[in-house]
Amino acid sequence: MWEQTLRFFSLQDANVRYVVFGSILLAGATGVLGCFAFLRKRSLLGDAIAHATLPGVCLAYLSTGSKEPYVLLLGAIATGWLGTLCVDWIRRFSPVKEDAAIGIVLSVFFGAGILLLTTIQSMGQASQAGLDKFLFGQTASLMKRDILILGGLAFFLCVVCFLAFKEFKLLCFDVEFARSIGLPVRLLETVLTTLVVAAIAIGLQMVGVVLMAALLITPAAAARQWTDNLTRMVWLSGLIGAFSGVAGSFISSLAPRMPTGPWMVVTLSILFGLSLILSPQRGYLTRLFRHTQTRTTIAAENILSTMYRYAEPNGRFLRPVSVRDILRYRSLTSVGALTVLRSLKRQGLVSETRGGWLLTELGIKSAENLLRRHRLWELYLTEQLNIPPHRVHRSADEVEHWITQDQEDQLVSLLDSPLRDPHEREIPQRKDE
Amino acid sequence: MSTTFWILLTACLTGIACGPIGCFLVLRRLVMMGDAISHAVLPGIVVGYLLTGVRDPFIMLAGALGVGIITAWLTGIVHHVGQVDEGASMGVVFTLLFAIGVILVSAYTGQVDLDADCVLYGEIAYVTWDTFQIGSTDMGPRAVWMLGGIVAMNVIFIVMFYKQLKICAFDPELASSLGIPTGVFHYLLMTMTAMTVVAAFESVGAILVVAMLAVPAATAYLLTRHLWFMLILSAVIGCLSGLLGYGLAALFDSSISGAMAVAAGILFLLAILFSPHHGIAVLWARRLLHNR
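These protein sequence lines map, in sequence, to chains X and S.
Residues in the first sequence are numbered from 1 upward in steps of one, following my numbering.
Residues in the second sequence are numbered from 1 upward in steps of one, following my numbering.
Next comes chain S alone, as it looks inside the complex (with noise of 0.2 angstroms):
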């Protein structure tokens, strides 16, 4: 199958895997949490890398998804510790782990074959490069098989505790007076968003990452009141993002993730102009409407 079915299929694979648990992000005001593990990430692949010696992808999921879980947990510290406000110590955080993973980039350029600029904004076109292998069979790009597994992981973490991560999203209170163990869920979310992070990390890089979290998932909140429909939708924006983005990144003849980026952004601000609730230019025409 050609390269660009194959592109496109990651695309949209990414936009899948993110979109659903960027919404429950977005609901519990954690996007910047998100943000903080996906650079958090770098450092985890590269101590990974260097253990063992190998670019297995379970082994940099494992390194990425401890210095994620480190990231949530430093935060916490130092948010209690020095009195510091909660963003603020989620910069002081994620700075120094990604610092810390730069570092280690550099200092030993020649073994990790890993460029600090391809982390940043990932190479989704040279996807076909790395295949997956059964045998002699060519089953496909491995990035495929791997945002595919993330997918389904996503979907039955999602369908299987629906009620729970509802409850949690919207009302905290609530959950914990009905024995929901909210801090378990909080964590488990963050497991679910460092390993979503790390599968898209491959393909987008690690700051469009947060594109496809955050972009996909409020313009979905802009357009619908009822959750199960926002998770639908946020996995379709976030398809359509990756189409659209290949589109643009053709006609510029640049990076396919930043153009997807662009594409995420574009389709949000069509939303802040015309979501049925609160758009702007829908207000606008109402009132026009109104006063005549």
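Chain X on its own, in the form it takes in the complex (with noise of 0.2 angstroms):
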């Protein structure tokens, strides 16, 4: 094993080192143009593209004969345009919607590739072998020519790219604005759909028709999760894809019959899976970190106010108040309440004394904070939106967590600067520092 790995990676052998280059140079491409395709919300037309080309590389072999690599893949781009062609055809000219005219467009076009394939196949012609390599891609068995030819395109296809970069940005989030500057609209999405469709005929010869899809959506799926910037977008998803061409290939030299296009799928996948949960702005970890801190911060505060109200009546604020006290007015559970308290004495915002828990300077501080902000709204709800006293309390609970500052003073010039809220409480002044 750890032979093979040194052997592969050394790329002494000839055949690795055209592979290698060949699924970097393929699927960076493709890894490039699917962010475009992906950002234009048409990720599953390219899956249709990826099977309307079957007949094109079938129809191509049978009218010439041959198969070189730039003949059927002409072929393939042809049909592959005509398919999208009628993915808008029968969107424009008929009540059957855009998921429908993919489906038809898929399964239909995709039947007479198959349809072509067998007859080539009944034909009894030895040399069909190399065609049917089409369904599932045929990396392993790339040779110098085809690298040469499949690279230089995909090379092209990035040049062109970075060459009309800002064009098909505009294109990507804003095509009113494209129109009204007078950019020719129709001809950039003419040559940016031939660019995608370029990019999956030639995407193809490493996964097949069937798994192109993958190899279009997943890695702009994967950097879509890491920035906002489209820039750092297209690269990364070069980057992605091109990795996940060495990591099939290399993974399909290590046993005998492994195929390199749905361990490039796999690998994809587990990138995208790791971007979605571990990506600093949009990960799952990073949310399900922030919710718990939002969480942790409300309780906090809940308990802050809670505390200042049993106080409150008689101003006795030297009583300790205890954790089952708390846990009358709050739903939480004792342990996540004591919790709470640590973390809120770490602050110095209360202190443990016999009988419970005490509310320091600081702390009664910050709750007759929430608690302006609480009556505030409630008397805001009431006086201005007439709301009946009794069902304001509900929201002001809600609503004091996030009320700013500058929230704050708006509403206390709104209101006059009040000083009692509408169930007759007092409403704790602000005391400047």
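Read the hints as simulated data drawn from the structure, not as lab findings.
Computed from a prediction, not measured in an experiment: that's the story for all the values here.
One or more of the hints may lead you astray.
[Claimed, not checked] Once the Cα atoms are required to be at most 20 angstroms apart in a straight line, the calculated EDC-like pairs of lysine to aspartate or glutamate come out as: (1) X:K169 with S:D85; (2) X:K365 with X:E383; (3) X:K144 with X:D13; (4) X:K41 with X:D325; (5) X:K41 with X:D174; (6) X:K97 with S:E86; (7) X:K97 with S:D85; (8) X:K169 with X:D146; (9) X:K41 with S:E86; (10) X:K133 with X:D146; (11) X:K41 with X:D88; (12) X:K365 with X:E426; (13) X:K41 with S:D85; (14) X:K97 with S:D171.
[As the list claims (entries may be wrong)] Residues on chain S that point at chain X, a partial pick, calculated with CB under 7 angstroms: (15) V81; (16) V92; (17) I103; (18) D171; (19) F229; (20) H278; (21) I280.
All C-beta atoms in this analysis are idealised placements derived from N, C-alpha and C, irrespective of residue type, glycine included.
Can you join these two chains into the complex? Each is in its own frame, and there are hints to help.
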């Protein structure tokens, strides 16, 4: 195993070298173009295009009798394009919706491809063996010539993308604006579609018709998790595609019967899954962390205001409040309440004594802040929105955590610096430091 | 009875099983979900086979059904957690599952009596090879029995819940305000789709199931404005595609299932051109007469 790994990565074997460079170029290019398809929400159209290339490959072979990569590629691009047009036509000229149009084009073109493929097979030509490789890809059998042609095309696609980057960017995000500043939107769309079709046609060589959608969608979806910047997303998506190409061909070199394409797809999906979980801005863990943090803050603020309310009627801030007292008003577990109380103690907002917990000077102040916001909001709801007083408490209980200083000032001036809330309780006044 | 008869019967039953379920997919804009489920069936079948070691249709059905439901569920997760649009989430999920299926098939080539090509485009021509026997009496191909069972189940399902399915298809909001559990019906529909896909999968293959689900239903959608008629029409068109496909395949000496998809596509094209309400040719002719 170690020996095999070493041999693979030292690139001694000429065949391995072609496969590795080929997969980096091809998967990289599809990753780059996939970004545009992804952002324009046309990912599944890519799936339809991939299936629609199959009859083109067969027709090209039938009409020329050659298996030259560029002949088959041209055939694939031609019917891929036709498939895209058909989806557009069906959408425009009939009440059939986009999803059905994609499903129809995908399956009918694929059916036509299978029909032609089996016809060629039954014609008994031994040389057709290469064609059905298009179903599942043929990375391992890529030759130097194939790599030169396909790699050259992949490179060309990336260059066009780079040159027209600004225009494509507008196409993805604001077509109306692009039109208003006089860009030839129809032409640009045609160019972009052609690039995507070409990228699909070259990606086919690696993963085949059925899994092609993954090569287009998954790198872009994974890259999207990490950044909001299109340039970075395109780079990242290309890199992810290229990495999966290397990983896929490496895994398939380890075992004799392991197919490259499916392993590329599995690698991509693993990267995508990791991105979903780990990405710093949108990742699941980040969101989980933020969620927990917000919940802890709310629980802490609720505990502070509950403790304040116990002392408020008679101003006895020296009487300790027990956990059970708190739980009477707040739906927390006693363990949860204790954890929050300890963290409040660390912040110096409460202190622990024998019979329970006490608010410190600082704690009283921040509880007053909360209560002021709570009661201002109650007053606002009753006075400005005419909501009956017995129905405002719940809303205020939620909103008190989110009111900012500015909003508080606005409420104060709107309500004329009020002193009492709708339940005739005192609104704690702000003390300037 | 002759092989041709059984092949034609299988083709017709596939059309009848897929058409009406396809109608609901078309109306609820879930066609690509049908596509995703039909791909995901592969790993389900392989895992079911590897775990039990027998090629029992019921185990395959259970495995495929499980993975079909996992597909719907995973797509939801990717869509919500990743804030990825629905189409792309489907694309990510079904390609992964299909890739796993292909890897399993190639890893256990010696043991699995499945061929990846065959999974893609099936082989309806061989239906008579696998027959169903009670005692020593030959009851005909197993596929016919399975498809017949699914047709019966689909008919019962649609007749029983016709009203609910109709409201869910056209106005989900009204449905939930009337107290119809739309979520339950969504998953019921997905389950019926998965079962139909598994049954049809042996005869037409994973991807061409999509043709039988989507194309006859969309053709019927163009031809009528009544749901009950659309359901019947889609079954008839599915049947017709099967018969025409057989003819085409004989003509080109090719795979029957591929030809069935092409035949369905031709019927759809005719409907786009000549449908009484929306047909391009009909509208054009009407305009011509009007201008004269």
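So which of those numbered hints doesn't the model satisfy? 2, 4, 8, 18 and 19
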